[in-house]
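Note that the protein sequences, when read in sequence, are chains A and B. The opening residue of the first sequence carries number 1 in this note's numbering; numbering runs sequentially from there. The opening residue of the second sequence carries number 376 in this note's numbering; numbering runs sequentially from there.
FYI, nobody ran anything at the bench for these hints, they're computed from the structure. There could be a bad hint or two in this list.
Under 10 angstroms between C-beta atoms, here's a sample of chain B residues computed to sit facing chain A [claimed, not checked]:
{"no.": "1", "residue": "385"}
{"no.": "2", "residue": "415"}
{"no.": "3", "residue": "418"}
{"no.": "4", "residue": "454"}
{"no.": "5", "residue": "455"}
{"no.": "6", "residue": "678"}
{"no.": "7", "residue": "710"}
Below are the DMTMM-like pairs computed for lysine to aspartate or glutamate, each with C-alpha atoms no more than 20 angstroms apart in a straight line [as the list claims (entries may be wrong)]:
{"no.": "8", "chain 1": "B", "residue 1": "670", "chain 2": "A", "residue 2": "68"}
{"no.": "9", "chain 1": "A", "residue 1": "295", "chain 2": "B", "residue 2": "443"}
{"no.": "10", "chain 1": "A", "residue 1": "295", "chain 2": "B", "residue 2": "496"}
A quick note: this is a predicted structure, and the numbers were derived from the prediction, not measured. Even glycine gets a Cβ: it sits at the ideal position worked out from N, Cα and C.
Protein chains: 2
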Amino acid sequence: MRAAGFAFTVHAREGDARAGTLSTPHGDVPTPAFMPVATYGAVRGLEAATLAAIGARIVLANTYHLHERPGEAVVARLGGLHGFTGWRGPWLTDSGGYQVTSLSDRAVVDESGVTFASARDGTRRKLTPEGVVAIQEALGPDIAMTLDECRPIGDPAESGARERAEQTLERTLRWAQRSRDARTRPDQALFGIVQGGPFPALRARSAAATAAIGFDGYAHGGLGLGEPPARRAELVAIANAALPEAAPRYLMGLGRPEDLLAGVAGGIDLFDCVLPTRNGRHGVLFTSEGVLRIKNARFRDDPAPLDPDCDCPTCAAHSRAYLRHLLQENEILGARLASIHNLRFYLALLEEARTAIEAGRFATFRRNFEVRIAS
Amino acid sequence: MRAAGFAFTVHAREGDARAGTLSTPHGDVPTPAFMPVATYGAVRGLEAATLAAIGARIVLANTYHLHERPGEAVVARLGGLHGFTGWRGPWLTDSGGYQVTSLSDRAVVDESGVTFASARDGTRRKLTPEGVVAIQEALGPDIAMTLDECRPIGDPAESGARERAEQTLERTLRWAQRSRDARTRPDQALFGIVQGGPFPALRARSAAATAAIGFDGYAHGGLGLGEPPARRAELVAIANAALPEAAPRYLMGLGRPEDLLAGVAGGIDLFDCVLPTRNGRHGVLFTSEGVLRIKNARFRDDPAPLDPDCDCPTCAAHSRAYLRHLLQENEILGARLASIHNLRFYLALLEEARTAIEAGRFATFRRNFEVRIAS
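The shape of chain A in the complex, shown without the other chains (with noise of 0.2 angstroms):
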């Protein structure tokens, strides 16, 4: 199965990492690519022009968030996110099981779906995998999620772990069908989503019933939760060997900049994450030498950029000082210009592994670059 105007081209390898294009109906996205994390259909602090003007080239979106306010009706009279928002290049939004799992502590799954109190109002709503389709066809983005379960499994040795990894992978197969039967929209691509917890066979097996199903791309889901690097690693090897070659795969919600450079040598192509936004609204920034906690009162008098080696319009125009002093006054510039340098950070990272996996010389961009941010 394709979506109407969805394509995607690998043209370059090294080992497992690729780079290729990623085709939507609302443009191009060079992979691997970085999506910075629009939970109201707003990155905090910045418009669609700004998102432009660093690089971004795919924009993601909280279908939760969007449900409750203003809703999918209203984004779709609209004009769907692109018209709603202002950013017409290409979206991607969750299917809202995560998110509804995790700030609800009165969430209970079902085979139905998700019933969870609503952070708006307090009344009961569920979330179904035909009701997510929904919600995201009105929402229109490029690509839609399925419905998962997001369950913690805890740790592999645990008792019961094995088990409730099965159960998740399996409930989320099914809710896999049920999602790929209620779609409608020719034009919006879907993507499953890998489970299996920590267990690399239970990965493999979700992996290969997921592509059986058949979708536009796939993701792997319930990872970033404190597993050990080496471990996600295998994981995601293990799996992506089930997926098909030719689709887009989607690492969900990950992670530090070494995270993404990990991602990218075992073949993932997408990927997501608040850290960036968030961080920086908290005065960590990321450079080409390692974190820097911008608050820090060694930081009030120094006249240099937050990174001398980025291009972004926050070192163009801005000293570590007055972002110290922005952050610290709880200026909203201050959360606008750490984010942009941040995401810039992440946007640029992932341009230049593109362009040292061209190059095949991937593999020493990743070891130089983990290098410089250790010493």
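With the hints as your guide, set chain B onto chain A.
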């Protein structure tokens, strides 16, 4: 007296209204001009590049806030306000007197200056006329203001009002002389402040005596405190008649768009006000057809821009529905986009006023504006 690199020329007049150019060491300001307020050295959510893009030519910062944090010594080490903030055009700073008096309920004014409890750490601090000049010389704006006594005069019919106004006027004059004597920077303009409360005769006396001391420009203080617009116009007119024609005149802290046009009609050259940014953050938008309260439910599905006549980046790319959504969700992008629009409205209003004065049709322009926003 005249500060180095500082000049003011008037090239067109219509009645008392005038169009001119204020030259400063950091660039020219076409007048009449509106100064966006950057309390801590940042207009809420707008970096220097955005301010320039919407037509700002001079920006105002608050001496008291910057004195508290990060302190004028830090700002000076980073190259003054121009180096510290990235806004390399002209700056004006207030004297801090109004801020101290209005923010602290324990401010005590005597002949030496204003003693107050720091909002930062509660310690007792003092602003004196000489100290305020020194702080501003360290901050490095193109234009500094003298410390004036900010004392509520009350209704002119109230017992003791005239006496209070006279005392305030006389003390402000003594402080003005001390400020002038204390200045050491030849490249920084210093403006004196006219007081006199709601009494025309006192306003005239204050203006003449302040002019006799001799400053680079003059401001009207203690207005915009609820006095009727017609009374304010009278007070401004009588003071302006006693001020040198060749010096720029600044109406501090005012106000609504119609207040600005009234000021222009009375011969005012410079304005500042927090209204466009503060109202913007609260969803009160200024448009060519009057005020629009964007949080109102009727804008939920409205695809139109805030103001079809506006050339700002917010109106170019975003709908009323999106603005409403962002402000409802307290997304900081909402504050930024609303501030961009409201500031552009104020800046454009004075650009248009200037063009109208040059064409001899300012009175018509003002009348049409008032009819349009009232309808």
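Cross-check of the supplied hints:
Checking residue 385(B) against chain A by beta carbon gives a least distance of about 34 angstroms; that is not within 10 angstroms, so the hint is violated. With a cut of 10 angstroms, the hint placing residue 415(B) at the interface with chain A holds, because the nearest CB-to-CB distance is about 5 angstroms. Contact between residue 418(B) and chain A, as hinted, is supported at the beta carbon level, the nearest pair being about 8 angstroms apart and thus within 10 angstroms. Checking residue 454(B) against chain A by beta carbon gives a least distance of about 8 angstroms; that is within 10 angstroms, so the hint holds.
Taking 10 angstroms as the C-beta cut-off, the interface hint given for residue 455(B) is violated, the closest approach to chain A being about 12 angstroms. Here the hint on residue 678(B) is kept, as its CB sits about 6 angstroms from the closest CB of chain A, short of 10 angstroms. Annotation: interface hint on residue 710(B) holds; nearest CB of chain A at approximately 6 angstroms, less than 10 angstroms. Restraint check for residue 670(B) and residue 68(A): satisfied, since their Cα atoms lie roughly 17 angstroms apart, inside the 20 angstroms limit.
Annotation: proposed proximity of residue 295(A) to residue 443(B) holds, straight-line Cα distance about 17 angstroms (limit 20 angstroms). The hinted pair formed by residue 295(A) and residue 496(B) meets the criterion: a straight-line CA distance of about 19 angstroms does not exceed 20 angstroms.
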